[in-house]
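2 protein chains.
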Amino acid sequence: MTMTMAGGMLAFTGSRLDRADHVRADPEALAASMNWRAKLLALDGLMPGLDENNALVWGTLADAPEDAELVFLGLDANENGDAKPCFAAVPPQGDASPRMANPRLWGLMQALSPGDLALYGGARSIVDWHARHRFCAACGGATRIAKGGWQRDCGSCGSQHFPRTDPVTIMLVEYDGKLMLGRGLGWPEGRFSALAGFVEPGESIEEAVAREVFEESGVRVRDVSYIASQPWPFPSQLMLGCHSHADDDALTIDETEMAEINWYTRDEVKAALAGDGSFIAPPPHAIAHHLLSWWISK
Amino acid sequence: MTMTMAGGMLAFTGSRLDRADHVRADPEALAASMNWRAKLLALDGLMPGLDENNALVWGTLADAPEDAELVFLGLDANENGDAKPCFAAVPPQGDASPRMANPRLWGLMQALSPGDLALYGGARSIVDWHARHRFCAACGGATRIAKGGWQRDCGSCGSQHFPRTDPVTIMLVEYDGKLMLGRGLGWPEGRFSALAGFVEPGESIEEAVAREVFEESGVRVRDVSYIASQPWPFPSQLMLGCHSHADDDALTIDETEMAEINWYTRDEVKAALAGDGSFIAPPPHAIAHHLLSWWISK
Chain S
1 MTMTMAGGML AFTGSRLDRA DHVRADPEAL AASMNWRAKL LALDGLMPGL DENNALVWGT
61 LADAPEDAEL VFLGLDANEN GDAKPCFAAV PPQGDASPRM ANPRLWGLMQ ALSPGDLALY
121 GGARSIVDWH ARHRFCAACG GATRIAKGGW QRDCGSCGSQ HFPRTDPVTI MLVEYDGKLM
181 LGRGLGWPEG RFSALAGFVE PGESIEEAVA REVFEESGVR VRDVSYIASQ PWPFPSQLML
241 GCHSHADDDA LTIDETEMAE INWYTRDEVK AALAGDGSFI APPPHAIAHH LLSWWISK
Chain E
1 MTMTMAGGML AFTGSRLDRA DHVRADPEAL AASMNWRAKL LALDGLMPGL DENNALVWGT
61 LADAPEDAEL VFLGLDANEN GDAKPCFAAV PPQGDASPRM ANPRLWGLMQ ALSPGDLALY
121 GGARSIVDWH ARHRFCAACG GATRIAKGGW QRDCGSCGSQ HFPRTDPVTI MLVEYDGKLM
181 LGRGLGWPEG RFSALAGFVE PGESIEEAVA REVFEESGVR VRDVSYIASQ PWPFPSQLML
241 GCHSHADDDA LTIDETEMAE INWYTRDEVK AALAGDGSFI APPPHAIAHH LLSWWISK
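Just so you know, the sequences run in chain order S and E.
Each residue of the first sequence is one higher than the last, beginning at 1 in our numbering.
Each residue of the second sequence is one higher than the last, beginning at 1 in our numbering.
Any given hint might turn out to be false.
[Unchecked claim] Where chain S lies over chain E, by a calculated footprint (3+ residues, C-beta under 8 Å):
#1 186-195
#2 207-219
#3 228-235
#4 278-290
Treat the hints as calculated values from the structure; they're not laboratory data.
In this text the structure is predicted, and so the values were computed from the model without any measurement.
Ideal Cβ placement from N, Cα and C applies to all residues, glycine included.
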């Protein structure tokens, strides 16, 4: 299911793999799927391999290091109608700075088809989680992969651990026909996007939007509405795109997080999206780009 | 911000505390807030204390064990207009079966006001996370509380860990004027609710809804729309209430998860919500109750 919006397709959605819970949750079916027909996603650390057609490269399970933990990604039924089990090996190291993607990776990702990009994003999130979660948070003991990679079990205290997905709100704030956009600390000069922040324990989406906007801009919002969501694999966010209204445009900027916050007119946002504006708009793979497109088309 | 829907207020939303990021993120401001005026939420393990008016009981920081880790919950500005810092102590043990609440706890929670219930839910989620995450998942070393309880730092490898919030889809599936509701394995006879499941790495909300419904019922859905969200503190979910349409009502039930799945008419759902139906509807503190109310009123 590729998700589309006013701005086009949402990146990282639309993987063709069937996660096949009936396989990963059944030890016998999982063992049977680890056969000579199974495919192994080629990864160099967490970097994807691309062939001459800019498609993801696949090998066989024999290509994995002997002691590698293997994650069952799902079944790929796209070739000749039969479903091939797909795996990825957990790399020796996780991502040291998981919130960013490096320029070389962005180049590779932009070359991938939408379906391959979604498949890579999901695979990257899950193997990176394993690489960064080899020990039990409850007791410090070593954990081992379980359920085809959708669980880890502690060998000492028996705790079960599950892959993590962090919900993040990212929101348009509108006042008098203008949109609030900000530049985070350390961002390139001129680059502006929607404010964003993690949903915390004890909050609804709508409460998280209101708290984050107030924290970063000093502006109170109301009438929060959900627009669209997108998985974001750095390391494993669920981006929750929202719209809200402000009653006042007076800004009190949180200088520990934001370099600048401004209000932009519809024409200014339109020009920026066309690559010819007073600021640099978020790129098309980011949900913020689609939220801006949605806003100027509504 | 208490969230309301067709079925009334959503439980666990509407805490009156200001999370005051400018305090918790600033070591000096945080230290200054740990003063004699600060309030400590009374907890017996993870159970709340209630006074004779069924309000949460508060003590002072002097009531905490000397070596207790203290979480800064936020500022409470409700009394005389001045803002008191509020804390909770991390209990010695986490919740061993965090997905459930026991009957005594449900009784206490039903006696609390909506604002106190939301405050307790958020506090419970965060202190339980600390109690179950005393070690570093990256290296197994001991971690210590940081940023007023909104982070843990590893003393060995320096990794930073953040409180976890797990997004869970919970969805109405509609076909020909009927609604799909299921009874999970181990649920009481007659109790039915909306299907639900965790969002996995690499999925949008809409993709997770489609996957979960197909896994559990064999039914394909389309036109997924978001309705409302609710925090759920067992241990720390973000419930994402959605609606979707099915093109077919033929069921293939996943017997490893569900005991029964049925389709119910509007009148049957209405009767169940009124407590006089052919099945037992989800209780008002669950978002599923509000989704059903929304559906019969739309």
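### Message
Taking 8 Å as the Cβ threshold, is the statement that the stretch 278-290 of chain E is covered by chain S upheld or broken by the three-residue rule?
### Response
violated (count 0)
### Task
Apply the coverage criterion to the stretch 228-235 of chain E and chain S: a residue qualifies when its Cβ sits closer than 8 Å to a Cβ of the chain, and three qualifying residues are needed.
holds (count 5)
### Task
Examine the stretch 186-195 of chain E: at least three residues should have C-beta closer than 8 Å to a C-beta of chain S.
violated (count 0)
### Query
How about the stretch 207-219 of chain E: do at least three of its residues have a C-beta closer than 8 Å to a C-beta of chain S?
Check passed, 4 qualifying residues.
Taken one by one, the earlier hints fail for this structure at numbers 1 and 4, listed in ascending order.
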